[in-house]
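Sequences are here, hints too, so could you generate the full structure?
Below are the chains, spelled out letter by letter.
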Amino acid sequence: MFGSIDPSLLVASLMVAATPILLAAIGELVVERAGVLNLGVEGMMITGAVCGFIVAINTGSPYVGFAGAAAGAALLALVFAALTQWLLSNQVATGLALTLFGLGLSSLLGQSYVGMRAPSLPRVDFGVLSEIPFLGRVLFGHDPMVYVSLLIVAGVWAFLRYTRGGLVLRAVGENHAAAHALGYNVVAIRFAAIAFGGACAGLGGAYLSLVRVPQWTEGMTAGAGWIALAIVVFASWRPWRLLLGAYLFGGVTVLQLNLQASGVAIPVEYLSMSPYVVTILVLVVMSAGRAPGSLGKTFHAST
Amino acid sequence: MKETLLSLEGLTKAYPGVVANEDVSFDIRRGEVHALLGENGAGKSTLVKTIYGLVKPDRGRMRLNGAPYEPAEPKVARRLGVAMVFQHFSLFDALNVAENIALGMENPPRPRDLAARIRDVSETYGLPLDPFRTVGDLSAGERQRVEIIRCLLQDPKLLIMDEPTSVLTPQEVTILFETLRKLSAEGTAILYISHKLEEIRALCETATILRLGRVVGTCDPRESSARQMAEMMVGGELLVPEREPGEGGAVMLEVAGLSAASPRPFGTALRDIGFEVRAGEVLGIGGVAGNGQDELLAALSGELRTKPGMVRFKGDDIGRRGPNERRARALLTAPEERMGHAAAPDMSLTENAVLTANVREDLSRHGFLRWGRARAFAELVIERFDVRTPGPDRAAMSLSGGNLQKYVIGREILQRPDLLVVNQPTWGVDASAAAAIRQALLDLAAGGAAVIVISQDLDELMEISDRFAALNEGRLSAPRPARGLSVEEIGLMLGGAHDMEVAHVDA
Amino acid sequence: MIRLERRPQPSTFWTWLTPLLAVALTVVFGGVLFAMLGKDPLVAIRTIFFDPLFSQFASFYRPQLLVKGAPLVLIAIGLSFGFRAGVWNIGAEGQYIIGALCGAAVALALYPMEARWLIFPLMILFGALGGLGWAMIPGLLKVRFGTNEILVSLMLVYVAEQLLAAMALGPLRNPEGMGFPGSRNLTQYDSATSWIDRAGGMHWGVITAFLAVILAYVVMSRHILGFQIRLAGQSPRAAAFSGVNPGGLVLICLGTSGALAGLAGMFEVSGPAGQVSIDFNVGYGFTAIIVAFLGRLHPVGILLAGGLMALTYIGGEIAQSQLQLPAAAIQLFQGMLLFFLLAVDVLTHFRVRLRHREVA
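Residue numbers (this note's numbering), protein chains in the order written: chain G, 1 to 303; chain W, 1 to 507; chain P, 1 to 360.
Hints were generated in silico from the structure; no laboratory data involved.
Note that the Cβ used here is the ideal one computed from N, Cα and C, for glycine as well.
Hints should not be assumed to be uniformly reliable.
For lysine to any residue, the following SDA-like pairs were computed, each having C-alpha atoms within a straight-line distance of at most 20 Å [as the list claims (entries may be wrong)]: (1) Lys157/W x Lys182/W; (2) Lys56/W x Val187/G; (3) Lys75/W x Gly166/G; (4) Lys75/W x Gln215/G; (5) Lys314/W x Gly447/W; (6) Lys56/W x Val168/G; (7) Lys75/W x Val168/G; (8) Lys297/G x Gly428/W; (9) Lys297/G x Met339/W; (10) Lys75/W x Thr163/G; (11) Lys56/W x Tyr15/W; (12) Lys297/G x Thr163/G; (13) Lys297/G x Pro265/W; (14) Lys196/W x Gly428/W; (15) Lys39/P x Ile318/P; (16) Lys75/W x Val187/G; (17) Lys56/W x Val352/P; (18) Lys56/W x Arg353/P; (19) Lys56/W x Glu5/P.
Footprint (simulated), chain P over chain G, 3 or more residues, beta carbon under 8 Å [claimed, not checked]: (20) 88–97; (21) 272–279.
Listed below in structure tokens is the structure:
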């Protein structure tokens with residue numbers, strides 16, 4: 001049964017399957033490192049999916065579509081930022097609201113786009129490199145967004161580890177009162193982080209509607225945003241572990257799809273629930289990491 | 001006469017319902033160690049936050065080196081040479097020393113160079129510190145060093161220190177004072193905020209005294225008596241509690257080999273603690289903040305469960321019992337943090353009465369609350385402990401710190417404990433209320449209860465304790481009679497030299 | 001420049017006014033939204049909020065208010081316990097599905113036995129236990145391993161949906177249904193129906209919802225459990241100091257909300273929905289989150305909020321058929337309501353002050 005699956009194809013397709021979640025998760029990682037818990041990833045992703053799709057259809061360019069997705073989702077994220085940072089609303093409730101709102105907004109926007117086909121995203125041409133056995137297919141056979149997602153992960157890692165901006169962001173997430181006392185603008189930094197998180201979630205959503213599926217259907221993210229949130233916990237808020245988590249998850253998804261296709265004698269529904277069950281199991285095993293000190297707490301400068 | 005570095009002219013800052021600073025004017029000269037003296041709530045914090053750019057004054061102005069000085073934010077203040085060592089909330093536990101220091105600098109050098117400079121400065125001023133240790137794992141004294149070095153790396157002209165010694169052992173205080181004197185000799189002015197008179201007399205050249213937001217006096221602390229300054233600070237005479245040394249009755253609490261991990265990240269584990277307390281006795285437990293005080297209280301209150309045999313109360317092994325089972329046995333506690341631990345800020349005083357008094361005051365029947373009784377009990381606490389509030393329906397957070405403390409302590413005392421454990425009973429409480437709380441604790445002991453007072457205020461402990469012990473890194477020194485203990489002995493106990501023979505200290 | 005200043009204590013006035021303000025804002029912005037969709041905003045608002053109650057067909061719509069409102073109120077009451085205690089069960093949709101499946105499974109297993117005194121109580125029991133059991137998964141995982149209950153309860157919604165599909169296509173499929181997915185119709189099985197008066201919209205879920213409101217009110221205001229729940233939500237450390245067992249509270253809160261959501265699902269499947277089908281769940285579990293917040297987590301508030309939200313469902317359907325207003329617009333409308341509610345909530349705890357820049 002497993003013998004029929006080509007391992008290089010499996011790895012290559014798990015990377016594709018993991019990319020939407022990876023993008024959304026790396027954005028959320030930055031948000032959470034800044035001390036904000038945005039549970040609206042699902043809503044931002046699906047908004048990105050529909051915005052990206054609409055823009056890509058109307059401009060004919062998937063690249064402009066991705067830009068539109070990032071912008072649309074970031075805009076939605078700013079609503080969350082305004083509510084939680086200025087109006088000091090509860091982050092959990094506001095994140096839920098963002099998801100409910102995003103689901104409604106996206107299906108309204110996408111109504112007349114159901115059934116259309118998105119312009120396709122060409123693969124990056126690595127020439128002879130993609131001829132290398134196994135590695136060629138795994139490393140050099142993808143569309144640009146797969147590489148963009150990896151670059152973002154590397155960029156976030158370097159930013160958090162080596163730059164002053166990253167240090168300030170971590171400080172704000174660790175102890176916002178102390179960061180404020182040192183004169184850092186907690187609210188502004190969090191606004192920026194939330195917008196970045198939104199943009200990343202938007203890219204992830206657009207990857208679903210423009211590459212992976214590629215068309216628009218209502219509720220197409222099907223919990224990917226929530227899984228992204230779980231992967232941030234799994235990764236203990238570290239970028240490289242996040243990559244591992246997302247690809248592990250991609251692996252489960254692809255395997256499950258392959259089993260469905262190969263007609264195993266297990267009802268499709270049980271296979272379809274496996275990614276969610278695996279996510280729960282992973283959360284159980286990996287709930288030991290230490291969260292940023294101010295995560296989810298409301299900040300109000302009383303002075 | 002040294003030239004003026006910073007002059008404050010008529011600074012006024014009002015918050016709703018309270019004027020924090022009113023028409024405050026004084027000068028700080030170059031290289032001087034200037035004390036800012038006042039009780040809690042006198043307006044010291046607001047004033048230094050104004051100087052540091054965290055608070056904008058409603059009126060008045062400041063001049064630095066003769067030029068107008070209006071820092072819009074701390075960055076500006078730092079750039080102009082004003083640095084501040086905070087008392088609370090300014091370090092990041094999960095980051096290392098070098099990262100913490102970099103965050104407080106305008107243009108930090110590269111990490112490697114910074115580490116070298118940290119080592120340099122720490123050696124020059126006698127403040128040893130490893131740049132790559134995680135701050136959460138440091139002791140309170142070491143954490144303060146991080147703050148000081150962070151300031152020193154900026155070559156400040158004015159260094160503000162907010163209650164720096166409350167987290168230090170006497171020996172560490174000596175080191176700190178040497179550092180400060182050295183800095184002052186090099187021309188750095190120091191604004192030293194404290195309410196400890198002896199320290200100010202030992203260190204400062206000038207003292208400005210604040211009361212209720214106003215400057216009520218200026219003096220040379222080296223030539224004034226502590227009593228003169230205290231009277232200016234308090235604006236009246238102090239009631240000193242009376243203490244009849246108790247003889248000690250039956251053993252109430254027996255703690256033996258108490259070890260437990262801290263329930264909090266970066267907390268302090270308790271290690272092999274052993275002591276006993278008798279009826280009618282006050283045991284004072286001193287120690288620098290963060291040495292296991294919270295954990296010890298939790299182990300006694302029942303929030304932290306311990307292994308069998310470690311905690312015995314009236315002969316019963318209560319290590320696995322929860323807070324309410326201990327309350328039923330007349331073991332009551334009052335933790336240090338009032339807001340959010342001893343009391344729920346958003347809840348009314350009546351509801352806060354239910355918080356701990358449900359069991360002993362019979363405030364519920366079959367699980368259904370008897371709000372009338374709860375309210376009556378809250379009113380009793382308010383009346384007997386002189387809590388200033390319009391009534392028991394007010395939220396706990398609407399009370400001032402001192403009033404809420406009186407409420408919390410009163411709530412426990414009125415439940416007739418056989419053993420009361422309090423942590424920092426008078427922290428942030430004005431002098432007269434503090435005296436009243438101490439007197440109430442002494443009365444409780446006189447009535448036959450055992451009392452354990454955990455505090456960082458040594459003067460307080462010496463005043464009310466029959467026996468004294470010190471916490472250091474989760475260990476407790478053997479309790480000794482408080483009467484006759486010298487400062488050096490206490491210092492050694494606080495510093496962790498528990499097993500050292502006292503004999504050679506007397507020399 | 002606008003500045004927020006914390007109130008010495010939460011304002012009772014604003015606590016009750018903010019939901020009304022949020023509704024008003026939502027109506028205004030919803031009107032703008034409908035106008036952008038090319039509908040007359042006034043007609044749309046009237047269709048949604050007034051027609052179900054006062055139009056010439058109101059007698060047909062009014063019973064629907066009970067039908068839609070009951071599950072919302074029932075679930076929201078359960079959620080409010082947890083939300084007050086800081087336990088975030090957002091997987092009520094899943095518990096609702098499992099409750100329905102368990103309740104229906106009992107009935108279908110005993111079909112065609114005629115013994116209402118046995119079958120219906122058993123269905124209630126299993127419906128509640130099903131929801132409770134499903135909610136215990138995140139509960140026990142949180143207590144035992146510290147796993148985040150938000151994510152686990154939500155993941156379980158997707159698992160429950162797949163399980164629902166598997167059941168509708170497999171074990172619970174109507175053997176006489178000629179291969180179509182979906183179970184037997186329970187409303188045609190006298191021992192298993194939750195209808196009391198179908199024309200009046202009255203079923204056992206409605207009665208249970210009202211009972212839940214009363215019970216929740218008593219527990220929250222009079223019982224030590226309600227006190228502990230509020231305490232744990234406001235100050236977890238104070239709760240531990242007070243002697244509240246945090247793990248136990250998590251289980252109680254999740255268990256209560258799970259059981260009530262399961263009951264809601266059971267009453268729905270044996271009444272208004274009638275059968276287990278793939279698209280049985282319509283999002284009550286998520287809308288109930290809005291209901292809970294809109295009702296300020298207060299039982300009476302939840303009752304009112306549930307009614308209002310039911311109104312938007314019914315009015316939304318009318319607007320859909322009469323004005324061709326897209327269904328998604330109503331969903332968006334509900335999302336907007338929650339946003340505005342959270343936004344104006346700031347007035348409860350803070351005063352808004354206008355501050356002029358001082359003249360230096």
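Consistency of the hints with the structure:
1. Lys157/W x Lys182/W: Status holds; Cα separation ~13 Å.
2. Lys56/W x Val187/G: OK: Lys56/W and Val187/G at ~19 Å, within 20 Å.
3. Lys75/W x Gly166/G: 18 Å, holds
4. Lys75/W x Gln215/G: Status violated; Cα separation ~51 Å.
5. Lys314/W x Gly447/W: 17 Å, holds
6. Lys56/W x Val168/G: 24 Å, violated
7. Lys75/W x Val168/G: 14 Å, holds
8. Lys297/G x Gly428/W: 25 Å, violated
9. Lys297/G x Met339/W: The hint holds at about 16 Å.
10. Lys75/W x Thr163/G: Measuring from Cα to Cα gives roughly 19 Å; hence the hint holds.
11. Lys56/W x Tyr15/W: 11 Å, holds
12. Lys297/G x Thr163/G: Judged against 20 Å, a Cα distance of about 25 Å means the pair is violated.
13. Lys297/G x Pro265/W: 17 Å, holds
14. Lys196/W x Gly428/W: 13 Å, holds
15. Lys39/P x Ile318/P: 14 Å, holds
16. Lys75/W x Val187/G: 16 Å, holds
17. Lys56/W x Val352/P: 19 Å, holds
18. Lys56/W x Arg353/P: Roughly 16 Å separates the two Cα atoms, so the pair holds.
19. Lys56/W x Glu5/P: 15 Å, holds
20. 88–97: holds (count 8)
21. 272–279: Three-residue rule met by the segment 272–279 of chain G, so holds; n is 5.
Hints 4, 6, 8 and 12, counting from the list given before, are not met by this structure.
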